[in-house]
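Be aware that the sequence shown starts at 106, since it is given in our numbering, and climbs by one per residue.
Take these hints with a grain of salt, some might be off.
Straight-line C-alpha distance at most 35 Å; calculated DSBU-like pairs for lysine-lysine [said to hold, decoys possible]:
hint, residue 1, residue 2
1, Lys322, Lys289
2, Lys250, Lys322
3, Lys250, Lys321
4, Lys250, Lys264
5, Lys321, Lys264
6, Lys264, Lys322
7, Lys289, Lys321
8, Lys264, Lys289
9, Lys289, Lys250
Calculated from the structure, these hints are not laboratory results.
As the structure is a computational prediction, the values presented were derived from the model and not from experiment.
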Amino acid sequence: MSALLEVNMISKRFGGLQAVQNLSLTVNEGEILGLIGPNGAGKSTVFNMINGVFMPDNGNIMFQGADITGEPPYRVARHGLARAHQIVQPLSGLSVIDNCMVGACFGRQNLALRAAREVAREVIDTVGLGDRAEALAGSLTTAGKKRLELARALSARPKLLLLDEVLAGLNPTETEGMIEMVRKIRASGIAILMIEHIMRAIMSLSDRIVVLDLGKKLAEGRPQEVAENPEVITAYLGDSKLMAAAEKPA
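Using the sequences and the hints, build the whole thing.
Structure, rendered in C-alpha cells:
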C-alpha cells in the first residue's frame with residue numbers, strides 16, 4: 106500500500122498549551138487508521154490541521170504527493186479529503202438531498218447542480234436516508250443527522266474521509282448500523298482516518314492505531330499491539346476494556 110496522507114512533524118500551540126507536538130503519521134490507500142487517546146490528547150486539533158482549519162506551527166501535510174499545509178478547508182476538499190464532524194451541523198432549513206448537493210458541488214469533482222443531485226441521491230440511498238430525501242435536515246433524529254453528516258462528506262467524492270466520533274450519541278443498535286456503514290465505505294475504496302472513544306468499535310475497524318497523549322504520539326501499531334502496550338494502558342488509567350475490545354469483534 107502507498108501512502109495517501111503523510112503528516113510530518115506537525116505541532117500546534119495555543120498560548121501556553123502545547124496541543125500537538127511533532128506528530129507524524131501516515132494513512133495508506135484503502136486503510137482505516139484509528140486515532141485514539143484520552144480527552145484533551147490533541148486528536149481534534151490534529152484533524153483541524155489536516156483539513157485546513159488550523160495552520161500547523163511547524164511541519165507539513167502531504168496528500169497524494171501534494172503539500173496541502175495551511176490550505177483552507179474548501180481547497181482541501183477539492184483535493185479529495187472530506188470530514189464528518191462529531192457535532193453535526195446540518196443546514197437545517199434545507200432538505201436532506203440539498204445538504205448532500207452542497208458536498209457534491211464543493212467537493213473533489215466540483216460538480217454542477219444536475220450532476221450533484223445525482224451523486225447526492227446515490228449517497229443518501231447508500232446511508233439509508235433515501236426515504237427522507239426531501240425531508241428537512243432539521244427534522245431528522247440524532248442518528249439520522251449523523252448519517253446525513255456522513256452522506257454530505259461522501260458526496261464530496263473523497264479519497265480520504267476523516268471521521269470524528271461518528272458513533273457518539275448513538276444507541277447500541279444505531280452504533281452497530283454505523284459500524285457496518287464504515288465498513289461499506291472502506292470496501293468502496295475510500296481510506297479512513299477516524300477518532301473514536303468506543304474502543305470495541307475502533308479496535309475492530311482499524312488496520313492500525315495511533316495513540317496520542319498530551320499532544321504526543323504514545324504508540325502506533327496494530328490494534329492488538331496497541332492494546333497490550335503498557336504505556337497505553339497507563340494512559341487509559343489501566344482500563345482493561347482495551348484488551349477486551351481488541352479481542353472481541355464488533
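A quick look at each hint next to the structure:
1. Lys322 x Lys289: holds, 29 Å
2. Lys250 x Lys322: holds, 32 Å
3. Lys250 x Lys321: holds, 32 Å
4. Lys250 x Lys264: Judged against 35 Å, a Cα distance of about 23 Å means the pair holds.
5. Lys321 x Lys264: holds, 27 Å
6. Lys264 x Lys322: holds, 25 Å
7. Lys289 x Lys321: holds, 31 Å
8. Lys264 x Lys289: Satisfied, since the Cα-Cα distance of roughly 14 Å is no more than 35 Å.
9. Lys289 x Lys250: holds, 19 Å
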